[in-house]
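2 protein chains.
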Amino acid sequence: MSGSEPPVPETRVLAVASHVVSGYVGNKIAVFVLQALGCDAAALNTVQFSNHTGYKQWKGTRVSAQEITDLFEGLKQSYLDDFEMMLSGYIPGAEAVGAVGNIAKELKEKSKGTPGKFFWVLDPVMGDNGRLYVAEEVVPAYQSLIPYADLILPNQFEAEVLSDVKIVDMDTLTQAIQVLHEKYRVPHIVITSVNLLAPDHPPSHLSVVGSSMTSGGRARLFKIVFPAIDCYFSGTGDMFAALMVVRMRQAVAEVPGLGQRPSWLSDDDTPTLELPLARAAERVLASMNEVLSRTKEGMPKDLKPKTADQNSHLAATKAAELRLVRHLDCLRSPKVEFKARVV
Amino acid sequence: MSGSEPPVPETRVLAVASHVVSGYVGNKIAVFVLQALGCDAAALNTVQFSNHTGYKQWKGTRVSAQEITDLFEGLKQSYLDDFEMMLSGYIPGAEAVGAVGNIAKELKEKSKGTPGKFFWVLDPVMGDNGRLYVAEEVVPAYQSLIPYADLILPNQFEAEVLSDVKIVDMDTLTQAIQVLHEKYRVPHIVITSVNLLAPDHPPSHLSVVGSSMTSGGRARLFKIVFPAIDCYFSGTGDMFAALMVVRMRQAVAEVPGLGQRPSWLSDDDTPTLELPLARAAERVLASMNEVLSRTKEGMPKDLKPKTADQNSHLAATKAAELRLVRHLDCLRSPKVEFKARVV
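Residue numbers (the working numbering), protein chains in the order written: chain R, 1147 to 1489; chain X, 1147 to 1489.
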């Protein structure tokens, strides 16, 4: 690290997500990523669990909506609410989603005289692979908040839920993103882990598809294809989101004046592949690929993750915990191999 | 960081301390230090407060003794209690101290057939500068646990409370450490922030005094003198403790076979200045001095920390939050300038 400067200017980020004692999901991974890349991360933990739920058993408690509100009141009364960015991840229940939304709205309102001063990255954690894993009332709670977000990071299923468009191919994916821009006026969108058959999608590859809208609300779409790693990891969405916070901030800082524009939205004549969102996503995926590869390499070869035996499941789940702390170079200086393409 | 290896082998550490949303004390600083130096840190948070108590106002909640016990049960049921080290810091109340003590005792018991397999670093957080800041019943709770600890890190006041020796000069300090070794059979002791007049103590300097006992329970004392930085920082004890975990592990790993001996205790004929504890403390203080210096340099010059005005107090307290995240090199590769001397 000696001699290598952090990639972003000093940035105060409020990270709201779950905390696990052991392992790497939610704030446990997001806060480390933010800090390792030089951000002053405030961590508001929405739960404290012994371990992530992929183990299928855990202990611990949720933080109530009132406690979330109180913690933010505590920050405000000591002038510690001077956040430049906010990242919200898993929040337990609709009431708590509302409480976190109120924090974001308040921070946004406070900075409204200074465009670009506050930027909210919202990961609308609701479900995956065709199934909700939160209570149904969480969906409208998120829907009412998305118009306040600057960047949302739904996975393919969450994008469907929010847009009411069933995604089956690139056309419907494009349509879903256009609907999200129009319906919620959300400026930046990245859909993570897109899994579609397409001519430019080799087998065993995934993609992310992103867009920063024009002043008229039109999508500007790009896509990054990358090799899937055959393993079930937890926490990848949280790592992706934290890296996006840093790399978006960095990419915007590289464009003079952009950081002072509302929602850091680029000129209409900016080529899609020069959008800061596209450049950020490239760097994020480079880090993701390196961390996941190192994690896979570090796993014992004799694990059988898909047996019905509970002890094998626990051992395999532990072995798949993301390995960041000994691979800081993957976060700091990843090699960009997967490039964005215009959709 | 590229190319620079972590200083310790992969080490799973259970860190038990407070969590603050904003700022750097307790687990908020300890966990980052452990992770930045390559440890797999599990973080069991004993409170979640908006900010540290040095602001004189905060919001948030304490975790009950029962919740602490439950979280550990959660780890055990998924075989996530395979810790090689444990670091315990601030724990709210005697009952919770007992709960944390039970965790340490259980981990110790589990590894008793394999000497050196588990090492507990206990920071008996009770008070400072002549005054307890915990309830009185916390004192006997700690006293009953110290015989299970491998290394304790009391400050000067806590060493007095635990040893019943009033420390007024190097003689009484030496006596207090000898009492701690004998009364509690605790193998390693470092007394942090010793402030005594002594011929080898220039004005505006502090020292730490440490000892690893012989097989017969005799103290082997060393002292490291370093310049005090004129500022009131919070979280320094927690940063010190986390750095000690890493540097002790590293120094022990540098001595063949030592990691397989009970409590990592060196041979009786090991020269005092070659004790791993002394070498670890040198590296720890090097990092501390660099982080505190960078923090001081980064503070606005016009702050008046000692006015009675509450807003000035809040601003000064925020400015004194430790600045680690942009100075990882201070943690990873500090320059050792302050050397241990035999007392």
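Derived by calculation from the structure, the hints in this document are not laboratory data. There's no promise every hint is true.
Each pair may be met inside one copy or between any two copies, as identical chains are not told apart.
[Unchecked claim] Heads up, simulated SDA-like pairs for lysine to any residue below, C-alpha to C-alpha not over 20 angstroms straight-line:
hint, residue 1, residue 2
1, LYS1205, VAL1193
2, LYS1258, ASP1376
3, LYS1329, VAL1193
4, LYS1485, PRO1408
5, LYS1464, GLN1223
6, LYS1312, GLY1200
7, LYS1312, ALA1240
8, LYS1256, GLU1436
9, LYS1481, TYR1378
10, LYS1222, GLY1206
11, LYS1464, ALA1240
12, LYS1202, VAL1471
13, LYS1263, ALA1281
14, LYS1222, GLN1456
15, LYS1442, GLU1420
16, LYS1254, SER1290
17, LYS1222, HIS1459
18, LYS1256, GLN1203
19, LYS1256, ARG1472
20, LYS1263, ARG1277
21, LYS1258, GLY1444
22, LYS1205, LYS1222
The structure presented is a predicted model; accordingly, all values stated were derived computationally and were not measured.
Do the hints match the structure? See the list:
For the identical chains of this complex, LYS1205 and VAL1193 are neighbours both inside a copy (10 angstroms) and across copies (17 angstroms), given an alpha-carbon limit of 20 angstroms. Proximity of LYS1258 and ASP1376 under a CA criterion of 20 angstroms is satisfied in neither setting, with 45 angstroms inside one chain copy and 39 angstroms between copies. In the homo-oligomer, the alpha carbons of LYS1329 and VAL1193 never lie at most 20 angstroms apart, since the shortest distance is 31 angstroms inside one protomer and 41 angstroms across protomers. Taking the shortest alpha-carbon separations for LYS1485 and PRO1408, neither the intra-copy value of 27 angstroms nor the inter-copy value of 54 angstroms comes in at or below 20 angstroms.
In the homo-oligomer, the alpha carbons of LYS1464 and GLN1223 lie at most 20 angstroms apart only across protomers (13 angstroms), although the nearest pairing inside one protomer, at 40 angstroms, exceeds that limit. For the identical chains of this complex, LYS1312 and GLY1200 are neighbours neither inside a copy (27 angstroms) nor across copies (53 angstroms), given an alpha-carbon limit of 20 angstroms. For the identical chains of this complex, LYS1312 and ALA1240 are neighbours neither inside a copy (24 angstroms) nor across copies (56 angstroms), given an alpha-carbon limit of 20 angstroms. Within a single copy, LYS1256 and GLU1436 get their C-alpha atoms no closer than 38 angstroms, and across copies no closer than 36 angstroms, so neither meets the 20 angstroms cut-off.
When the C-alpha separation of LYS1481 and TYR1378 is checked against a cutoff of 20 angstroms, the pair qualifies neither within a copy, at 23 angstroms, nor between copies, at 42 angstroms. For the identical chains of this complex, LYS1222 and GLY1206 are inter-copy neighbours only, at 13 angstroms across copies versus 28 angstroms inside a copy, given an alpha-carbon limit of 20 angstroms. For the homomeric pair LYS1464 and ALA1240, neither the shortest alpha-carbon distance inside one copy (30 angstroms) nor that between copies (33 angstroms) is at most 20 angstroms. When the C-alpha separation of LYS1202 and VAL1471 is checked against a cutoff of 20 angstroms, the pair qualifies neither within a copy, at 25 angstroms, nor between copies, at 34 angstroms.
Taking the closest pair of Cα atoms, LYS1263 and ALA1281 never come within 20 angstroms of each other, the shortest separation being 33 angstroms inside a single copy and 44 angstroms across copies. In the homo-oligomer, the alpha carbons of LYS1222 and GLN1456 lie at most 20 angstroms apart only across protomers (14 angstroms), although the nearest pairing inside one protomer, at 46 angstroms, exceeds that limit. In this assembly of identical chains, the alpha carbons of LYS1442 and GLU1420 never lie at most 20 angstroms apart, being 32 angstroms within a copy and 39 angstroms across copies at closest. When the C-alpha separation of LYS1254 and SER1290 is checked against a cutoff of 20 angstroms, the pair qualifies only within one copy, where the shortest distance is 15 angstroms, while the shortest distance between copies is 51 angstroms.
When the C-alpha separation of LYS1222 and HIS1459 is checked against a cutoff of 20 angstroms, the pair qualifies only between copies, where the shortest distance is 15 angstroms, while the shortest distance within a copy is 44 angstroms. Within a single copy, LYS1256 and GLN1203 get their C-alpha atoms no closer than 41 angstroms, and across copies no closer than 22 angstroms, so neither meets the 20 angstroms cut-off. Taking the closest pair of Cα atoms, LYS1256 and ARG1472 never come within 20 angstroms of each other, the shortest separation being 39 angstroms inside a single copy and 27 angstroms across copies. Taking the shortest alpha-carbon separations for LYS1263 and ARG1277, neither the intra-copy value of 36 angstroms nor the inter-copy value of 44 angstroms comes in at or below 20 angstroms.
For the homomeric pair LYS1258 and GLY1444, neither the shortest alpha-carbon distance inside one copy (47 angstroms) nor that between copies (28 angstroms) is at most 20 angstroms. In this homomeric assembly, LYS1205 and LYS1222 come within 20 angstroms of each other (Cα to Cα) only across copies, at 10 angstroms, whereas the closest approach inside a single copy is 31 angstroms.
Hint compliance for this structure: hints 2, 3, 4, 6, 7, 8, 9, 11, 12, 13, 15, 18, 19, 20 and 21 are not met, and every other hint is.
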